[in-house]
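> Produce the complete structure using the sequences and hints provided.
Protein chains: 6
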Amino acid sequence: MSQESWLPTLKTDTPEEGYELAVKLARKAVGMTQPDESIRKKLRPVYANNADSLTLASQVVAINFQTVAAANDYWKE
Amino acid sequence: MSQESWLPTLKTDTPEEGYELAVKLARKAVGMTQPDESIRKKLRPVYANNADSLTLASQVVAINFQTVAAANDYWKE
Amino acid sequence: MSQESWLPTLKTDTPEEGYELAVKLARKAVGMTQPDESIRKKLRPVYANNADSLTLASQVVAINFQTVAAANDYWKE
Amino acid sequence: MSQESWLPTLKTDTPEEGYELAVKLARKAVGMTQPDESIRKKLRPVYANNADSLTLASQVVAINFQTVAAANDYWKE
Amino acid sequence: MSQESWLPTLKTDTPEEGYELAVKLARKAVGMTQPDESIRKKLRPVYANNADSLTLASQVVAINFQTVAAANDYWKE
Amino acid sequence: MSQESWLPTLKTDTPEEGYELAVKLARKAVGMTQPDESIRKKLRPVYANNADSLTLASQVVAINFQTVAAANDYWKE
Chain A
932 MSQESWLPTL KTDTPEEGYE LAVKLARKAV GMTQPDESIR KKLRPVYANN ADSLTLASQV
992 VAINFQTVAA ANDYWKE
Chain B
932 MSQESWLPTL KTDTPEEGYE LAVKLARKAV GMTQPDESIR KKLRPVYANN ADSLTLASQV
992 VAINFQTVAA ANDYWKE
Chain C
932 MSQESWLPTL KTDTPEEGYE LAVKLARKAV GMTQPDESIR KKLRPVYANN ADSLTLASQV
992 VAINFQTVAA ANDYWKE
Chain D
932 MSQESWLPTL KTDTPEEGYE LAVKLARKAV GMTQPDESIR KKLRPVYANN ADSLTLASQV
992 VAINFQTVAA ANDYWKE
Chain E
932 MSQESWLPTL KTDTPEEGYE LAVKLARKAV GMTQPDESIR KKLRPVYANN ADSLTLASQV
992 VAINFQTVAA ANDYWKE
Chain F
932 MSQESWLPTL KTDTPEEGYE LAVKLARKAV GMTQPDESIR KKLRPVYANN ADSLTLASQV
992 VAINFQTVAA ANDYWKE
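Here the protein sequences come in this chain order: A, B, C, D, E and F. The opening residue of the first sequence carries number 932 in my numbering; numbering runs sequentially from there. The opening residue of the second sequence carries number 932 in my numbering; numbering runs sequentially from there. The opening residue of the third sequence carries number 932 in my numbering; numbering runs sequentially from there. The opening residue of the fourth sequence carries number 932 in my numbering; numbering runs sequentially from there. The opening residue of the fifth sequence carries number 932 in my numbering; numbering runs sequentially from there. The opening residue of the sixth sequence carries number 932 in my numbering; numbering runs sequentially from there.
For the record, the hints were derived by calculation from the structure and aren't laboratory data. Certain hints may be false.
Identical chains share a label here; the pair holds if one copy fits it or two copies do between them.
Said to hold, decoys possible - Mimicking DSBU-like on lysine-lysine, the simulated pairs with C-alpha atoms at most 35 Å apart in a straight line are:
(1) K959 <-> K973
(2) K1007 <-> K955
(3) K972 <-> K955
(4) K972 <-> K959
(5) K1007 <-> K959
(6) K942 <-> K955
(7) K973 <-> K955
(8) K942 <-> K1007
(9) K959 <-> K942
Here it is, written out as structure tokens:
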């Protein structure tokens, strides 16, 4: 496993950390499609002030959280 | 497990509480994208009075409820 | 389990009742986001006469039906 | 099981029939939201001539087909 | 199983063929909603030249690929 | 298994490579719908500078990542 990997594992200690990983996964694809950080920063206030954009962003987190939660067997123990 | 965690577990006693947790999960990502509560409050009447925005919000809850329900083995017992 | 719960269980006797529960789940999130029934009633003709709104509503039901169907082991027996 | 049920079972003999059931499930929610068939008929040419509407409709079928396929154990045997 | 079926099985020999089947499933629902091929051909350049339409189409394939991949146990062997 | 296949397997060594495969799966469907690379290149700046387009693209990656992660049993070992 690379020391440099941004995603060495899907395992997290807690559900909260799992949720944060889901957010990270959602943002990663955005960064891969638009690698220019200055443009992403300009876009941020656009969607952060639009209700539907925020809901859509929450949806992507929700889908990724399904994956992370399953990978952690829902932190059942 | 942190006493402060907003998400200490995905376990709930009942399906109804699980649904409430799904709503909380949906809102959390919105709050992480737009941390300014005053802006979120201004956006609320916009989407709460738009049919498609409400449906979209319901969709995010539905996706999160899939996760919570699976985590609780669908409250089968 | 509360006598008052709107969601005491995900179990239903038949697939058809499961589908009705999925519709109920979809509507519940709408009601939680827009609790004012008079506003919801005003919005209803808007989306009930728009093809894409109807498809979007059907999508939320489909996602919730996945959950209900899994909870009932797809009514296999 | 009611003789009148529009959804007596999620079981189908073949994948093709399962796909048809997924289409039926997608349309059912539309019919429950807009019960007036004359309005639905007026809406049909609107979305049947719009590329994104067709894709969106295909998406709802895809979600329902996931459910039907799982219910049939993917017709593996 | 009908010799004529467009979907005799969800089994494929390889992931690549599974992906092609997912594309076929996505297109089938479009064809069932808009059976007139001449209209579908007119719509094609519309969405094939629109970025969001292409992403939306990719999403439907992704959902169907989940189903096909599960049906093939992810071609693990 | 063809030497030429763009998708010989869903297995990857690490979660990070799995995520890259999910991106590849998302782009493949776009390429199959719009095979003309010059058009795709013209569309890229359109969606790469639109917040909602980026979120939508991230969503397709998320759905494909669910498939890849499941195929790798979430890289649990």
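> Evaluate each hint against the coordinates.
Hints, verified against the model:
| no. | hint | in the structure |
| --- | --- | --- |
| 1 | K959 <-> K973 | both (17 Å within a copy, 23 Å between copies) |
| 2 | K1007 <-> K955 | both (22 Å within a copy, 19 Å between copies) |
| 3 | K972 <-> K955 | both (16 Å within a copy, 25 Å between copies) |
| 4 | K972 <-> K959 | both (14 Å within a copy, 21 Å between copies) |
| 5 | K1007 <-> K959 | both (27 Å within a copy, 21 Å between copies) |
| 6 | K942 <-> K955 | both (14 Å within a copy, 22 Å between copies) |
| 7 | K973 <-> K955 | both (19 Å within a copy, 27 Å between copies) |
| 8 | K942 <-> K1007 | both (13 Å within a copy, 8 Å between copies) |
| 9 | K959 <-> K942 | both (17 Å within a copy, 21 Å between copies) |
Comparing the model with each earlier hint shows no violations; every hint is respected.
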